[in-house]
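Turn these sequences into a full structure, and let the hints guide you.
Going down the list, the sequences are from chains A and B.
Number 231 marks the last residue of the first sequence (this note's numbering); no jumps.
Number 220 marks the last residue of the second sequence (this note's numbering); no jumps.
Take the hints with a grain of salt, since some may be wrong.
[To be verified] Derived pair list, reagent style EDC-like, types lysine to aspartate or glutamate, alpha-carbon separation capped at 20 angstroms: (1) Lys146/B <-> Glu91/A; (2) Lys146/B <-> Glu7/A; (3) Lys146/B <-> Asp172/B; (4) Lys146/B <-> Glu86/A.
[Unchecked claim] With beta-carbon atoms standing in for the labels, derived distance ranges: (5) Arg18/B <-> Ala208/A: 48 to 58 angstroms; (6) Gly190/B <-> Pro178/A: 47 to 57 angstroms; (7) Glu174/B <-> Val44/A: 31 to 41 angstroms; (8) Leu50/A <-> Ala81/B: 48 to 58 angstroms; (9) Val213/A <-> Gly132/B: 47 to 57 angstroms; (10) Ser23/B <-> Ala208/A: 43 to 53 angstroms; (11) Glu174/B <-> Val216/A: 49 to 59 angstroms; (12) Leu217/A <-> Ala81/B: 43 to 53 angstroms; (13) Ala77/B <-> Leu175/A: 44 to 54 angstroms; (14) Ala98/B <-> Leu179/A: 50 to 60 angstroms.
Treat the hints as calculated values from the structure; they're not laboratory data.
Even glycine gets a Cβ: it sits at the ideal position worked out from N, Cα and C.
Listed below are the residues making up each chain.
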Amino acid sequence: MIAPGTEPGLWQTARALASRDLRLVWRRRGDALQPVLFALLVVVLFALALGRDPQVLAANAVAVVWLAVLLAGQLALDSLFRSDAEDGSLEQWLLAPVPLSWLVLVRVLMHWLTTALPLIVISPLLAEMLHLPHDQLPMLLASLLLGTPLLSLIGGMVAALTVGIRRSGILVALLSLPLYVPVLVFGAGSVAAAARGQDPLGALLMLAAGLVVALVLAPLATAAAIRISLS
Amino acid sequence: MFGAENRPLDTPALLAARGLCFSRDEETVFGPLDFHVDAGEALLVQGDNGAGKTTLLRVLAGLLRPATGTVEIDGRAAGIAERAHFVAYLGHLPALKADLDTLENLHFLCGLHGRRARQMPGSALAVVGLAGYENTLVRHLSAGQKRRLALARMWLSPAPLWLMDEPYANLDLEGINLVNRMISAHLRGGGAALVTTHGAYAAPPVRTRALQLSLQGVVA
Numbered sequence: 001m002i003a004p005g006t007e008p009g010l011w012q013t014a015r016a017l018a019s020r021d022l023r024l025v026w027r028r029r030g031d032a033l034q035p036v037l038f039a040l041l042v043v044v045l046f047a048l049a050l051g052r053d054p055q056v057l058a059a060n061a062v063a064v065v066w067l068a069v070l071l072a073g074q075l076a077l078d079s080l081f082r083s084d085a086e087d088g089s090l091e092q093w094l095l096a097p098v099p100l101s102w103l104v105l106v107r108v109l110m111h112w113l114t115t116a117l118p119l120i121v122i123s124p125l126l127a128e129m130l131h132l133p134h135d136q137l138p139m140l141l142a143s144l145l146l147g148t149p150l151l152s153l154i155g156g157m158v159a160a161l162t163v164g165i166r167r168s169g170i171l172v173a174l175l176s177l178p179l180y181v182p183v184l185v186f187g188a189g190s191v192a193a194a195a196r197g198q199d200p201l202g203a204l205l206m207l208a209a210g211l212v213v214a215l216v217l218a219p220l221a222t223a224a225a226i227r228i229s230l231s
Numbered sequence: 001m002f003g004a005e006n007r008p009l010d011t012p013a014l015l016a017a018r019g020l021c022f023s024r025d026e027e028t029v030f031g032p033l034d035f036h037v038d039a040g041e042a043l044l045v046q047g048d049n050g051a052g053k054t055t056l057l058r059v060l061a062g063l064l065r066p067a068t069g070t071v072e073i074d075g076r077a078a079g080i081a082e083r084a085h086f087v088a089y090l091g092h093l094p095a096l097k098a099d100l101d102t103l104e105n106l107h108f109l110c111g112l113h114g115r116r117a118r119q120m121p122g123s124a125l126a127v128v129g130l131a132g133y134e135n136t137l138v139r140h141l142s143a144g145q146k147r148r149l150a151l152a153r154m155w156l157s158p159a160p161l162w163l164m165d166e167p168y169a170n171l172d173l174e175g176i177n178l179v180n181r182m183i184s185a186h187l188r189g190g191g192a193a194l195v196t197t198h199g200a201y202a203a204p205p206v207r208t209r210a211l212q213l214s215l216q217g218v219v220a
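So this is what it looks like as structure tokens:
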């Protein structure tokens, strides 16, 4: 028989995939800035459209920041699996001795780290541009930290379903935006509730519960969708 | 030619297909096929364009589900998950990232698939004639060099069965020799290979049988 080699475990494959993704992002760091610039531009456009009254801006700040982050993440969604599908990497993922759903989970988390986390980092700046009262900022950050991973996991399923379609930009948006509605409602709603002096904990717990469910189920659905897309 | 009767009866074939049939949109692409591959043996899958060679390899690898039939490994029916430990697949797509250099690509693929004992990405590059290109980005390689890098991935894989789809594509004469030498070495180590070609012009100098696919069905 052939000399026994080493079979990678879950952590080994995760580390290999994570370091590959970080290298790729670093090689194309210009592209990595695009979602951040996009979110900035959306906020500027809203600010221009809403006028110069700081009170009007502040009243809409949470909704605008949440929408800017959501739309920027939506635009980045297409890069989640597309290049790996086009160069055949996904085929090799399918043939790896670890579950495809595990690789998908690692990939989605890396994608979140490199596209959504920078948005959260600049969200205090976005909030400042819109005159958001400072006492609402921690709530905004908490809702984004819980909500954006959920958006990534939901979006990953849609990206996997459409990865076999050549030009799927608008289709991805049409399929994913309706699924984003509950996340937006509870995410932006939690900050709004806190601003009105109500208890925001319920909305945040709903987001957390959704995140836990999605962490378990979304990778399985995404892996199944990838298998369908590639066959 | 070596038929089934030459095989010792007590050892099951490395890989065997039983009544394997694949259809797309209710139209049969190939099959039903019955064949086996023993350790130390190469099976050449021949046929015209569109005869289903690539589809057969993808079914065996577990990328596609057959309509009917089973794939056995070491005499036991093996699902897609079991086959992942067992096959290395060289497809039309290189599975290389253009923005990583050759060594980084091999390190990632080894992290994903594991590594053969006593083989390292650096030495595999030398085996396929890419020594000196360790830090070259894949986007700067020629098509033939990318093919060689994909071959280095096969060389590093711990899987005993190589599924190679048109491994001679894009390669110069020396590259064709390289593929043949690699297959010979792999078979000497107890491995096996399924190789698709659309002609018999290139074949490894090893114990070889041929599986002829045609649009009408299986000939031999």
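How the hints compare with the structure:
For the given pair, lysine 146/B sits about 17 angstroms from glutamate 91/A by alpha-carbon distance, which is consistent with the 20 angstroms threshold. A C-alpha spacing of about 25 angstroms is found between lysine 146/B and glutamate 7/A, which places the hinted pair above 20 angstroms, so the restraint is violated. The hinted pair formed by lysine 146/B and aspartate 172/B meets the criterion: a straight-line CA distance of about 13 angstroms does not exceed 20 angstroms. Taking the CA atoms of lysine 146/B and glutamate 86/A, the gap is about 15 angstroms. The hint holds against a cut of 20 angstroms.
At about 50 angstroms, the CB distance of arginine 18/B to alanine 208/A agrees with the hint of 48 to 58 angstroms. As the Cβ distance of glycine 190/B to proline 178/A is approximately 54 angstroms, the hint placing it in 47 to 57 angstroms holds. Separated by about 58 angstroms at the C-beta atoms, glutamate 174/B and valine 44/A break the suggested range of 31 to 41 angstroms. Against the hinted window of 48 to 58 angstroms, the Cβ-Cβ separation of leucine 50/A and alanine 81/B comes to about 54 angstroms, which satisfies the hint.
The given range of 47 to 57 angstroms is respected by valine 213/A and glycine 132/B, whose C-beta atoms sit roughly 51 angstroms from each other. Restraint check, serine 23/B to alanine 208/A: a C-beta distance of roughly 46 angstroms satisfies the suggested window 43 to 53 angstroms. One distance hint, 49 to 59 angstroms for the beta-carbon pair glutamate 174/B and valine 216/A, holds here, with the actual separation near 51 angstroms. In this structure the hint that leucine 217/A and alanine 81/B lie 43 to 53 angstroms apart at CB is violated, the actual value being about 19 angstroms.
Evaluation of the 44 to 54 angstroms hint for alanine 77/B and leucine 175/A yields a failure: the beta carbon distance comes to about 37 angstroms. Here the CB-CB span from alanine 98/B to leucine 179/A is close to 32 angstroms, at odds with the stated 50 to 60 angstroms.
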